[in-house]
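**Student:** With the sequences and hints as input, model every part of the structure.
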Amino acid sequence: MKKVLSTVAALGLVAGLASTASAVEFKMSGKYLVEGTYMSSGNGAGIVATEDATDHNPSDAYFMHTFEVKPTMVVNDKISMNSVIRLADRTFWGNQTGGDVVGNNMAGNAGSNNLYVHRLYMDYASPIGNMRFGRTPAGDYGTSFMDFDQRGDRVMLWPSFLASGPVTTLFYIQKSTDQRGTAASYSVNTTTGVVTPVASNSTTYESDRDNTKYVARLYYKTDSLDSGIEYGNVDNKTASGTGVTGIASDTKQNVTVYGKYKMDNYFANAELTHYFGSVDLDTEDATHHNRDYDSWAGMLQVGAKVDALTPSLAYVYAQGQKVTDSTTNGGDISNALGTTGTGDMFEPLYILTGRHTGILNNDVFNGSTASASAAGVHAIVAAVDYAVSNQLSLHGAIGWAKADEKVYYDGVTLTAAKDDSYGWEYNVGAAYKLLDNLTYEAHFGYLDAGDYFNGDNATDITKNVYILTHSLTMTF
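With the first letter of the sequence shown counted as 1, position 167 gets the number 167 in our numbering; the numbers rise by one all the way through.
Hints are computed from structural coordinates only; laboratory data are not their basis.
Where a beta carbon is used, it is the ideal one built from N, C-alpha and C, also for glycine.
One thing to keep in mind: the hints can contain errors.
[Stated by the list, open to error] 30 angstroms max Cα-Cα, derived DSBU-like pairs, lysine-lysine:
1) K213 to K260
2) K322 to K237
3) K237 to K213
4) K70 to K27
5) K406 to K463
6) K260 to K305
7) K402 to K252
8) K418 to K406
9) K322 to K433
10) K463 to K433
11) K221 to K78
12) K70 to K237
13) K175 to K237
14) K322 to K213
15) K252 to K31
16) K252 to K322
17) K305 to K433
18) K262 to K322
19) K221 to K252
20) K406 to K322
21) K27 to K433
22) K31 to K322
23) K70 to K260
24) K252 to K70
25) K433 to K262
26) K305 to K221
27) K213 to K70
28) K221 to K70
29) K175 to K27
30) K31 to K78
31) K175 to K252
32) K322 to K402
33) K433 to K70
34) K78 to K213
35) K70 to K31
36) K78 to K175
37) K213 to K252
[Said to hold, decoys possible] Derived Cβ-Cβ restraints for the label pairs, each shown as a range:
38) A416 to T287: 14 to 22 angstroms
39) A61 to T340: 24 to 32 angstroms
40) G396 to F26: 39 to 47 angstroms
**Tutor:** Right under this line is the structure:
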């Protein structure tokens, strides 16, 4: 903790000296979030709605917290530096050996007190448009359903030729994986002393074996409509190998459209994504074939604001993977959610899409996310929010969901599931603003679990589960 405080103090000192010497303007905002969770049945990787013949999963309870600061240094009217620094990132209480701030998303920091730089980027108002360089969010786009606004290492450009009207554009290049050129390692024969390069190491890290994403967006925004269309192309060259197990090319593309519309007291939010592309093997044979990406995912929400009451109805869809499609027959790769689920902040239901439960959302845990992502989802959620006062708001929701495909994935093998029902879920929640910058929230979710959670094991028994969460959020 001394190292953390010293680092923060040093940042403040450097900013103060810079402000004095160069008239740099320094700003800081941030957030502290502490959360408590109780799950009726858990295994340390999320909630468990299954009980087998020999294992009775106990309840699970924990506290965790996140503390982030957002410093901004405005160098002049053209340049600014921005960052998000997390001193704790979903860190479990009681899991801080020696005072280290070690959290789920802080790999590599277990033996040190290194700060976690979540974002770090520079904004430059250039003659051709606003530019951004560094580890940055992708900019405001769409809904939270598929979480397209993830941080990444990017070069971004908002061209200035459309900056003054309702239509704007954005282009960026994202380096997801950079396998830097690495000298070959060598093996030494202990008898003869002959030194031999290890060929596999010298070829794996060729300079072009990177994972790069190219994105182009077009926005149209008015007072009542926020909409856009995105084209993305992920060129994944990280795979290696030859023959039937080697991958010659892996290109996954997407087209995503969204719209957020408001008219008087009514609103509608929609998002639709289509994935396409292909994975081509180095060599095909009778049992190893090239495969195409081909999947869809979408969300539609409609609602109204009637005085203090806001009812809404939503439909969520993500295509699942057919158990009969594989590299053996060249069937399509059709699971729209991949293995990582929906967006981290997409929580229409506290359990099925909750951050803490690890089913369709893997923000904190991912115990069942790969399987649910492979199966896909159809879900209908009816919700209502009621503003009792300026300080107190209430929330309620009921949802039904099923898998798009009756498949179960254990992280290695895709097998046929016994059923496609996720079940019915019931939620209630409340939020109370203690101060302008301090809010307390409490949520309860109950899942009448469907038989999908029996998996592919004939002896499993589905059981109903519930979750209680409460949190305190301070912003500054």
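**Student:** So which of those numbered hints doesn't the model satisfy?
**Tutor:** 9, 10, 12, 15, 18, 22 and 24
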